[in-house]
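Visitor: In case you want the letters, here they are:
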Amino acid sequence: MLGLGVDRLQADINRLLASLFHQGVLDEHFLQLQQLQDETSPNFVYDVINIYFDESEKLLRNLRLLLMDREFSDYKKIGLHLNQLVGSSSSIGARRVRNVCVAFRSASELSNRPGCLRGLEVVEHEYHYLKNMMHELFQLEQQRLLAAGVRYPI
Amino acid sequence: MTREELPNLAESKLTALVVDDNFVNQSIHQKLLARLGITNEVVCNGKEAVDAHCSGRNYDLILMDMDMPIMNGIQATKRLREMGIESKIAGVTTRANEGEKKEFMEAGLNDFQEKPLTISKLLSILHKFDFYVQT
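Residue numbers (the UniProt record's numbering), protein chains in the order written: chain A, 1 to 154; chain B, 1 to 135.
Some hints here could point you the wrong way.
Per label pair, the in silico range of CB-to-CB distance [as the list claims (entries may be wrong)]:
| # | chain 1 | residue 1 | chain 2 | residue 2 | range |
| --- | --- | --- | --- | --- | --- |
| 1 | A | N43 | B | G37 | 20 to 26 angstroms |
| 2 | B | S120 | A | D38 | 49 to 55 angstroms |
| 3 | B | E100 | A | F53 | 36 to 42 angstroms |
| 4 | A | N43 | B | E100 | 47 to 53 angstroms |
Sample of chain A residues with no beta-carbon within 12 angstroms of chain B, all distances over it, derived [said to hold, decoys possible]:
| # | residue |
| --- | --- |
| 5 | V6 |
| 6 | L33 |
| 7 | I51 |
| 8 | F53 |
| 9 | D54 |
| 10 | L60 |
| 11 | L67 |
| 12 | E71 |
| 13 | F72 |
| 14 | Y75 |
| 15 | V86 |
| 16 | G93 |
| 17 | V102 |
| 18 | H135 |
| 19 | Q139 |
Straight-line Cα separation of at most 30 angstroms, DSS-like style, residue types lysine-lysine; simulated pairs [what the hints assert, rightly or not]:
| # | chain 1 | residue 1 | chain 2 | residue 2 |
| --- | --- | --- | --- | --- |
| 20 | B | K47 | B | K13 |
| 21 | B | K13 | B | K128 |
| 22 | B | K102 | B | K78 |
| 23 | A | K77 | B | K13 |
| 24 | B | K101 | B | K47 |
| 25 | A | K58 | B | K31 |
| 26 | B | K78 | A | K131 |
| 27 | A | K58 | B | K13 |
| 28 | A | K76 | B | K78 |
| 29 | A | K131 | B | K128 |
| 30 | A | K131 | B | K121 |
| 31 | B | K13 | A | K76 |
| 32 | B | K102 | B | K88 |
| 33 | B | K101 | A | K131 |
| 34 | B | K47 | A | K58 |
| 35 | B | K121 | B | K101 |
| 36 | B | K128 | A | K77 |
| 37 | A | K131 | B | K47 |
| 38 | A | K76 | B | K128 |
| 39 | B | K31 | B | K78 |
Hints are computed from structural coordinates only; laboratory data are not their basis.
Glycine residues also receive a C-beta, built at the ideal position from the N, C-alpha and C atoms.
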């Protein structure tokens with residue numbers, strides 16, 4: 001019975017990942033992240049993704065504060081924040097977030113404020129979708145480990 | 001490349017310094033190096049990299065990000081070369097137009113790779129520096 005539960009959960013994980021790859025939400029760099037997880041760092045993916053969430057939310061908050069300021073004109077700062085987001089999103093394989101950040105960056109390079117505001121909304125939307133999917137993935141992983149009788153330290 | 005096919009360079013006792021202000025990239029770059037058996041440390045900007053060398057530390061390889069606060073990768077690379085540091089320095093950056101890349105190389109880099117860094121790109125860097133010979 002336990003075996004069936006583990007198999008079913010593994011199938012759910014595989015299906016979710018396949019869907020995320022198919023939608024272009026994730027790319028091969030997420031696979032590299034998984035391949036780097038080993039016995040010396042068994043929670044590597046979880047840890048790195050959570051660092052990504054922490055960093056990204058700070059950057060997105062700063063971007064929103066900058067753009068909501070009526071006196072705003074510092075597009076260079078927008079560019080610097082977006083470079084960080086592009087970089088970390090690329091590194092974890094968050095392809096769609098990376099791509100919409102690149103589009104947002106193009107608007108900032110043209111000092112296009114309406115374009116930047118639209119860009120920010122799109123990035124926030126994609127980021128939150130990714131975050132929800134990652135939480136779902138981690139929950140399934142945790143259930144699978146519990147079903148397999150392994151303690152998952154959180 | 002599977003884990004079994006990866007070279008283990010632990011016997012070479014190579015050391016590396018990761019210079020990057022982004023914590024996600026720090027984690028991944030450190031793990032990539034560790035996977036190949038390369039002992040490594042991390043600092044958050046160019047000034048910390050320079051300070052590490054001023055305190056007497058030395059590394060075979062430096063992975064240098066370009067855009068960092070306080071002291072960026074171009075400034076740090078120039079400074080390290082002025083100090084006589086002969087370590088192999090590989091610039092690793094998310095994006096660089098040809099002008100920025102040229103400026104970074106002219107600062108004293110030995111190699112340049114675009115992020116995201118992968119095992120293949122890291123092995124390419126190590127191979128170029130003769131730290132790793134493919135068999």
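Visitor: Taking the hints in turn, state whether each one holds.
Guide: Hints versus structure:
Checking the proposed 20 to 26 angstroms range against N43/A and G37/B shows it holds: the Cβ atoms sit about 21 angstroms from each other. Range check, S120/B to D38/A: Cβ separation about 18 angstroms, and the 49 to 55 angstroms hint is violated. Taking 36 to 42 angstroms as the suggested C-beta distance range, the pair E100/B and F53/A does not conform, at roughly 29 angstroms. One distance hint, 47 to 53 angstroms for the beta-carbon pair N43/A and E100/B, is violated here, with the actual separation near 36 angstroms.
For V6/A, the shortest C-beta to C-beta distance to chain B comes to about 23 angstroms, beyond the 12 angstroms cut-off, and the non-interface label holds. Against the 12 angstroms criterion, L33/A falls within the reach of chain B, whose nearest CB is about 7 angstroms from its own CB. Residue-level check failed: I51/A sits 5 angstroms from the nearest beta carbon of chain B, not beyond 12 angstroms. At roughly 10 angstroms from the closest C-beta of chain B, the C-beta of F53/A falls inside 12 angstroms, breaking its exclusion from the interface.
For D54/A, the condition that its CB be more than 12 angstroms from all CB atoms of chain B is violated, with the nearest at approximately 8 angstroms. Under the 12 angstroms C-beta cut-off, the non-interface status given to L60/A relative to chain B holds; the minimum distance is some 15 angstroms. Against chain B, the non-interface label of L67/A holds: every CB pair exceeds 12 angstroms, the least being about 21 angstroms. At roughly 23 angstroms from the closest C-beta of chain B, the C-beta of E71/A stays outside 12 angstroms, upholding its exclusion from the interface.
Every Cβ of chain B is farther than 12 angstroms from the Cβ of F72/A; the closest lies at roughly 21 angstroms, confirming the non-interface assignment. Listed as a non-interface residue, Y75/A keeps its Cβ farther than 12 angstroms from every Cβ of chain B; the least gap is roughly 15 angstroms. Non-interface status of V86/A relative to chain B is broken: a Cβ of that chain comes within 12 angstroms, the nearest being about 6 angstroms off. Residue-level check failed: G93/A sits 8 angstroms from the nearest beta carbon of chain B, not beyond 12 angstroms.
Non-interface status of V102/A relative to chain B is broken: a Cβ of that chain comes within 12 angstroms, the nearest being about 9 angstroms off. For H135/A, the non-interface assignment is confirmed: its Cβ lies about 18 angstroms from the closest Cβ of chain B, beyond the 12 angstroms cut-off. The Cβ of Q139/A lies farther than 12 angstroms from every Cβ of chain B, with a closest approach of about 22 angstroms, so its non-interface assignment holds. Our distance criterion of 30 angstroms between C-alpha atoms is met by K47/B and K13/B, whose separation comes to about 26 angstroms.
The suggested pairing of K13/B with K128/B holds, with an alpha-carbon distance near 18 angstroms, which does not exceed 30 angstroms. Using a Cα cut-off of 30 angstroms, the hinted pair K102/B and K78/B holds, with the two alpha carbons roughly 13 angstroms apart. For the hint linking K77/A to K13/B, the alpha-carbon distance of about 41 angstroms lies beyond 30 angstroms, and the restraint is violated. At most 30 angstroms may separate the alpha-carbon atoms for a hinted pair to count; K101/B and K47/B meet this at roughly 20 angstroms.
Of the pairs offered as hints, the one joining K58/A and K31/B holds, with about 24 angstroms between alpha carbons and a cut-off of 30 angstroms not exceeded. Of the supplied pair hints, the one linking K78/B and K131/A is violated, its CA atoms being roughly 40 angstroms apart against a limit of 30 angstroms. For a cut-off of 30 angstroms, the pair hint linking K58/A to K13/B is broken: about 38 angstroms separates their Cα positions. Proximity of K76/A to K78/B is assessed by CA-CA distance (about 24 angstroms); at most 30 angstroms being required, the pair is judged to hold.
With a C-alpha separation of about 38 angstroms, the suggested pairing of K131/A with K128/B is violated against the 30 angstroms cut-off. Distance check on the hinted pair: K131/A and K121/B sit about 28 angstroms apart at the alpha-carbon level, within 30 angstroms; holds. Between K13/B and K76/A, the direct Cα distance comes to roughly 42 angstroms. Violation of the 30 angstroms bound is thereby established for this hinted pair. For the proposed pair K102/B and K88/B, the alpha carbon gap of about 17 angstroms is at most 30 angstroms, so the pair holds.
At roughly 33 angstroms between alpha-carbon atoms, K101/B and K131/A are farther apart than 30 angstroms, so this suggested pair is violated. With a CA separation close to 23 angstroms, the supplied pair K47/B and K58/A stays within the 30 angstroms bound. As the CA atoms of K121/B and K101/B are separated by approximately 17 angstroms, the hinted pair is consistent with the 30 angstroms bound. About 36 angstroms separates the Cα atoms of K128/B and K77/A, which puts this hinted pair outside 30 angstroms; it is violated.
Pair hint K131/A plus K47/B does not hold up; C-alpha atoms about 34 angstroms apart against a cutoff of 30 angstroms. Restraint check for K76/A and K128/B: the C-alpha separation of about 35 angstroms exceeds 30 angstroms, so the hint is violated. For a cut-off of 30 angstroms, the pair hint linking K31/B to K78/B stands: about 27 angstroms separates their Cα positions.
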